[in-house]
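J.: Sequence:
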Amino acid sequence: MQINESIIVLEDDIEILPNFFDALTHIAKNRFEYVRLMQLSTAKSCQLDEHFGFLKHYAFGTQGYYLTPKGAQKFLRYAKKWVEPVDLYMDRYWKHGVLNVIYTPCPIRQNTHALESTIGNRGSSLYIKISMKNWLFFKCAGMIYRYERLTRYFYDKFILNRHF
Numbered sequence: 001m002q003i004n005e006s007i008i009v010l011e012d013d014i015e016i017l018p019n020f021f022d023a024l025t026h027i028a029k030n031r032f033e034y035v036r037l038m039q040l041s042t043a044k045s046c047q048l049d050e051h052f053g054f055l056k057h058y059a060f061g062t063q064g065y066y067l068t069p070k071g072a073q074k075f076l077r078y079a080k081k082w083v084e085p086v087d088l089y090m091d092r093y094w095k096h097g098v099l100n101v102i103y104t105p106c107p108i109r110q111n112t113h114a115l116e117s118t119i120g121n122r123g124s125s126l127y128i129k130i131s132m133k134n135w136l137f138f139k140c141a142g143m144i145y146r147y148e149r150l151t152r153y154f155y156d157k158f159i160l161n162r163h164f
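Using my numbering, read the sequence shown as starting at 1 and increasing by one per residue.
These are calculated hints, taken from the structure and not from any lab test. A quick note: this is a predicted structure, and the numbers were derived from the prediction, not measured. Treat the hints loosely; a few may be bogus.
With a cut-off of at most 25 Å between alpha-carbon atoms, the simulated BS3-like pairs for lysine-lysine come out as follows [claimed, not checked]: (1) 44 - 29; (2) 81 - 139; (3) 129 - 95; (4) 81 - 44; (5) 56 - 133; (6) 133 - 81; (7) 56 - 80; (8) 80 - 29; (9) 95 - 44; (10) 129 - 139; (11) 80 - 70; (12) 95 - 133; (13) 56 - 70; (14) 29 - 56; (15) 133 - 157; (16) 80 - 44; (17) 29 - 81.
Construct all of the structure, not just a fragment, from the sequences and the given hints.
T.: This is the structure:
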């Protein structure tokens with residue numbers, strides 16, 4: 001953000017493919033704040049046009065991406081405390097408002113000859129487990145509330161024969 005220019009972030013265990021520089025030129029001409037250059041998951045994207053797709057599900061990994069200053073500001077604004085891996089946070093577009101866009105065909109790939117990762121197994125932190133349980137609780141509570149309203153509506157309409 002200090003240089004106020006868009007950047008490309010690449011990990012050291014990737015392989016650059018022949019379409020890399022054409023992809024960067026195309027990405028820079030577009031309006032997206034954040035564009036992944038690859039994904040580890042097999043999640044399908046909703047194609048926005050010939051080369052850009054929106055990822056609704058986790059893509060995993062931050063091997064390479066394009067990021068604008070505006071996108072970086074949004075990521076940081078909603079990350080008061082880092083309690084989860086960065087790649088998972090970046091995938092959660094609903095938290096920070098930065099769309100999870102991927103460029104296809106991917107201009108980079110994982111280098112199969114790279115050394116094994118030193119990150120190792122990521123255990124879930126207590127904070128993440130509590131957050132997931134809270135989310136599940138409120139999701140279930142909302143479903144119960146909607147079920148009760150729907151039941152009440154049908155009871156009033158068909159059993160008591162009230163018309164609205």
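J.: CA of residue 133 to CA of residue 157, is that 25 Å or under?
T.: violated (36 Å)
J.: Decide if the proposed pair is consistent with the structure: residue 29 and residue 81, CA atoms, cutoff 25 Å inclusive.
T.: Outside the cut-off at roughly 33 Å; violated.
J.: Take the C-alpha atoms of residue 129 and residue 95, compute the straight-line distance between them, and say whether it is at most 25 Å.
T.: Judged against 25 Å, a Cα distance of about 17 Å means the pair holds.
J.: Hey, residue 29 versus residue 56, does the alpha-carbon distance stay inside 25 Å?
T.: holds (23 Å)
J.: Measure nothing beyond the straight line between the CA atoms of residue 133 and residue 81; if it is 25 Å or shorter, mark the hint as holding.
T.: Holds - the C-alpha atoms of residue 81 and residue 133 are around 19 Å apart, at most 25 Å.
J.: Has the given pair, residue 95 with residue 44, been kept, meaning a C-alpha gap of at most 25 Å?
T.: At roughly 21 Å apart (the allowed maximum being 25 Å), residue 44 and residue 95 satisfy the hint.
J.: Against the 25 Å threshold, does the CA-CA distance of residue 80 and residue 44 hold or violate the hint?
T.: Cα-Cα ~30 Å, so violated.
J.: Given the hint that residue 129 pairs with residue 139, test it: the Cα-Cα distance must not exceed 25 Å.
T.: holds (15 Å)
J.: Has the given pair, residue 56 with residue 80, been kept, meaning a C-alpha gap of at most 25 Å?
T.: holds (24 Å)
J.: Compare the distance between the alpha carbons of residue 81 and residue 139 with 25 Å, and conclude whether the hinted pair is satisfied.
T.: holds (24 Å)
J.: Does residue 29 lie within 25 Å of residue 80 when you go C-alpha to C-alpha?
T.: Outside the cut-off at roughly 31 Å; violated.
J.: Decide if the proposed pair is consistent with the structure: residue 56 and residue 133, CA atoms, cutoff 25 Å inclusive.
T.: holds (21 Å)
In summary, the numbered hints that this structure violates are 4, 8, 15, 16 and 17.
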